[in-house]
Amino acid sequence: MPINESDIEKIAQLAHLEISREEVKVFAPQIAEIVTYVEQLNEVDTRSIEPALGGLTPEGELTASTRDDVVAPSLGQRLALEEAPDAAAGHFRVPKIL
Amino acid sequence: MITSETITQTRDRIVTGETNARSVAESAVGAAEKLNGSLNAFLEIDRQGAVTRASEVDAQLKNDAAPVLAGVPIAIKDNICVRGLQTSCGSKILGDYHPPYNATVIDRLLAAGAVIIGKTNCDEFAMGSSNENSAFGTVKNPWDTARVPGGSSGGSAAAVAAGIVPVALGSDTGGSVRQPASLCGVVGLKPTYGRNSRYGLVAFASSLDQIGIFARNVSDVATVLGVIAGRDPHDATTADVPVPDYVAALNGEIKGSRIGFPRALFGRGLDADVRASVEGAVQTYRDLGAEIVEVDLPHAKYAIAVYYIIATAEASSNLARFDGVRYGFRAEEAPELRSMYRRTREEGFGPEVKRRIMLGTYVLSAGYYEAYYHKAQQVRTLLKDDFRRAFAVCDAIITPTSPTTAFMIGEKVNDPLAMYLNDIYTVTANLAGIPGLSVPCGLSSAGLPVGFQLLGPYWSEPALLRLGDVYQQARPSSLARPPVYA
Numbered sequence: 001m002p003i004n005e006s007d008i009e010k011i012a013q014l015a016h017l018e019i020s021r022e023e024v025k026v027f028a029p030q031i032a033e034i035v036t037y038v039e040q041l042n043e044v045d046t047r048s049i050e051p052a053l054g055g056l057t058p059e060g061e062l063t064a065s066t067r068d069d070v071v072a073p074s075l076g077q078r079l080a081l082e083e084a085p086d087a088a089a090g091h092f093r094v095p096k097i098l
Numbered sequence: 099m100i101t102s103e104t105i106t107q108t109r110d111r112i113v114t115g116e117t118n119a120r121s122v123a124e125s126a127v128g129a130a131e132k133l134n135g136s137l138n139a140f141l142e143i144d145r146q147g148a149v150t151r152a153s154e155v156d157a158q159l160k161n162d163a164a165p166v167l168a169g170v171p172i173a174i175k176d177n178i179c180v181r182g183l184q185t186s187c188g189s190k191i192l193g194d195y196h197p198p199y200n201a202t203v204i205d206r207l208l209a210a211g212a213v214i215i216g217k218t219n220c221d222e223f224a225m226g227s228s229n230e231n232s233a234f235g236t237v238k239n240p241w242d243t244a245r246v247p248g249g250s251s252g253g254s255a256a257a258v259a260a261g262i263v264p265v266a267l268g269s270d271t272g273g274s275v276r277q278p279a280s281l282c283g284v285v286g287l288k289p290t291y292g293r294n295s296r297y298g299l300v301a302f303a304s305s306l307d308q309i310g311i312f313a314r315n316v317s318d319v320a321t322v323l324g325v326i327a328g329r330d331p332h333d334a335t336t337a338d339v340p341v342p343d344y345v346a347a348l349n350g351e352i353k354g355s356r357i358g359f360p361r362a363l364f365g366r367g368l369d370a371d372v373r374a375s376v377e378g379a380v381q382t383y384r385d386l387g388a389e390i391v392e393v394d395l396p397h398a399k400y401a402i403a404v405y406y407i408i409a410t411a412e413a414s415s416n417l418a419r420f421d422g423v424r425y426g427f428r429a430e431e432a433p434e435l436r437s438m439y440r441r442t443r444e445e446g447f448g449p450e451v452k453r454r455i456m457l458g459t460y461v462l463s464a465g466y467y468e469a470y471y472h473k474a475q476q477v478r479t480l481l482k483d484d485f486r487r488a489f490a491v492c493d494a495i496i497t498p499t500s501p502t503t504a505f506m507i508g509e510k511v512n513d514p515l516a517m518y519l520n521d522i523y524t525v526t527a528n529l530a531g532i533p534g535l536s537v538p539c540g541l542s543s544a545g546l547p548v549g550f551q552l553l554g555p556y557w558s559e560p561a562l563l564r565l566g567d568v569y570q571q572a573r574p575s576s577l578a579r580p581p582v583y584a
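Chains A and B are the protein sequences, given in the same order. Per this note's numbering, the first sequence runs over residues 1 to 98. Per this note's numbering, the second sequence runs over residues 99 to 584.
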């Protein structure tokens with residue numbers, strides 16, 4: 001299904017991107033071309049094929065990925081806020097929400 | 099010149115007092131500073147930190163046993179966290195973000211005595227095959243500064259090729275270590291998925307990302323892999339598989355090795371010089387006593403399509419965290435929270451990152467998930483099966499690393515799909531989770547490097563490195579020096 005400019009605007013909104021009119025015009029044909037390209041997968045018969053789950057090797061799948069829930073020191077408030085664009089009184093500060 | 103020797107020889111000269119870590123570090127930093135105007139390979143050069151660290155290594159050597167990388171200078175791609183240095187990911191949205199912690203691979207390198215000299219330039223969030231997507235300017239190829247170094251880890255590849263450092267780390271999601279290694283004429287390894295920790299690597303596509311290694315010598319890759327490989331509790335996808343002695347695996351043995359030749363991948367779209375060079379490498383292996391067997395990977399032709407669905411889907415999710423709240427850039431003067439998010443991301447991300455976020459958002463959106471993402475994961479299963487069958491009759495598969503040599507800066511920048519097709523030989527390894535090694539095999543008629551790729555089964559790094567080392571020993575002239583060199 002070809003992607004048009006209004007699809008691009010809707011996708012941008014879903015992705016929290018405030019893209020410009022000019023960008024919509026550039027992106028729409030580019031993304032449409034890529035989507036057309038990936039649709040070549042439709043020629044592959046995948047009935048009864050299980051989807052892959054990530055990149056794990058069999059050994060990776062066997063490796064226990066859980067650990068005991070032990071309390072340990074974490075980053076801490078000072079370090080966590082150090083790189084914030086706007087922090088105040090031990091919090092991240094953002095523009096008004098409502 | 100430190101780069102004409104192996105890092106083990108450099109380390110030994112430091113340990114025996116013939117030189118010291120400080121002077122080795124100063125010479126690497128000096129080379130980085132001198133060449134950065136022409137290459138733009140580094141986004142940050144840490145002269146003070148490197149010299150301080152090297153002096154510490156020198157002091158420790160007086161008392162303690164020398165670690166395996168004592169005084170070895172190394173460059174790190176700017177999407178891997180190093181405490182005290184920036185991690186921009188080549189993006190305005192992170193800018194001069196300074197992470198408060200080290201990636202696990204960095205802790206391991208430092209414990210082994212390595213000296214980090216700086217952070218290398220890359221395509222924004224590792225998305226690209228030419229380095230032209232960096233927000234901080236394109237890296238230039240040391241073989242021809244009008245050409246791209248490949249990507250996304252182009253700065254690391256250029257830094258090693260130009261003799262600034264003997265080894266560098268990059269990340270490889272679809273070929274981002276192997277392809278620039280090929281285009282710059284150095285060795286590049288993407289290890290098996292789960293071989294080393296991704297903790298502290300800024301995520302692009304988590305089921306494909308793996309930290310990889312650049313060096314001029316295969317043996318140096320083996321040395322560094324031995325340091326960074328292994329299980330890490332901070333990364334649940336690292337596997338509990340013993341780390342063998344990769345250097346000891348370089349025993350020169352090749353008789354009895356079976357190398358798979360996928361004839362169908364040497365056809366349309368492959369540059370004639372690249373084909374001739376890689377077929378020359380196949381002949382070299384045959385002459386050295388390897389058995390060349392024909393193999394077929396019937397689903398490899400779908401790999402780019404599968405990759406650009408899965409990678410963009412995962413990226414759209416991973417990059418949701420960049421919203422101007424906790425770190426990095428925030429757009430000014432947004433009246434309320436949602437518009438702050440949207441403007442921050444609009445101003446902070448470059449065009450290729452936006453394109454991929456939108457493509458990923460689209461393939462995951464309601465009504466399309468089954469048609470794209472689910473379908474791609476099914477074809478990924480078929481591709482894994484292709485490799486399983488192929489590795490039943492061979493120990494490694496040889497392909498070109500890239501269909502062309504380094505192309506001109508600007509040549510493909512307006513055609514994203516053409517750019518994606520550069521990754522045709524490399525994305526399969528990431529989709530299947532298998533290791534891949536790119537080895538230089540000479541120059542094209544235009545004097546540009548060509549590389550071949552060896553793919554192997556899970557955990558076959560010892561065999562891949564052995565085969566790569568055998569080739570380099572047999573063809574020492576395959577590792578040439580570019581015009582721009584330290």
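Careful, some of the hints might be misleading.
Derived, one-sided and incomplete: chain B residues facing chain A with beta-carbon distance under 10 Å [unchecked claim]:
1. Asn200
2. Ala403
3. Val423
4. Ala474
5. Glu509
6. Lys510
7. Tyr556
8. Pro560
9. Ala561
Keeping only pairs whose Cα atoms sit at most 30 Å apart, straight-line, the calculated DSSO-like set for lysine-lysine is [unchecked claim]:
10. A:Lys25 x B:Lys510
11. B:Lys132 x B:Lys190
12. B:Lys190 x A:Lys10
13. B:Lys132 x A:Lys96
It should be emphasised that the hints constitute simulated quantities derived from the structure, not laboratory data. Predicted, not measured: the structure shown is a model, and the values here were computed from it. Glycine residues also receive a C-beta, built at the ideal position from the N, C-alpha and C atoms.
Results for each hint:
1. Asn200: violated (13 Å)
2. Ala403: holds (4 Å)
3. Val423: holds (5 Å)
4. Ala474: Hint holds; alanine 474 of chain B Cβ to chain A Cβ min 6 Å, cut 10 Å.
5. Glu509: Since the shortest Cβ distance to chain A is 17 Å, the answer is violated.
6. Lys510: violated (13 Å)
7. Tyr556: Tyrosine 556 of chain B check passes; min Cβ-Cβ to chain A is 4 Å, inside 10 Å.
8. Pro560: violated (15 Å)
9. Ala561: violated (16 Å)
10. A:Lys25 x B:Lys510: The given pair, whose Cα atoms are some 19 Å apart, holds under the 30 Å limit.
11. B:Lys132 x B:Lys190: The given pair, whose Cα atoms are some 25 Å apart, holds under the 30 Å limit.
12. B:Lys190 x A:Lys10: Within the cut-off at roughly 24 Å; holds.
13. B:Lys132 x A:Lys96: violated (48 Å)
Taken one by one, the earlier hints fail for this structure at numbers 1, 5, 6, 8, 9 and 13, listed in ascending order.
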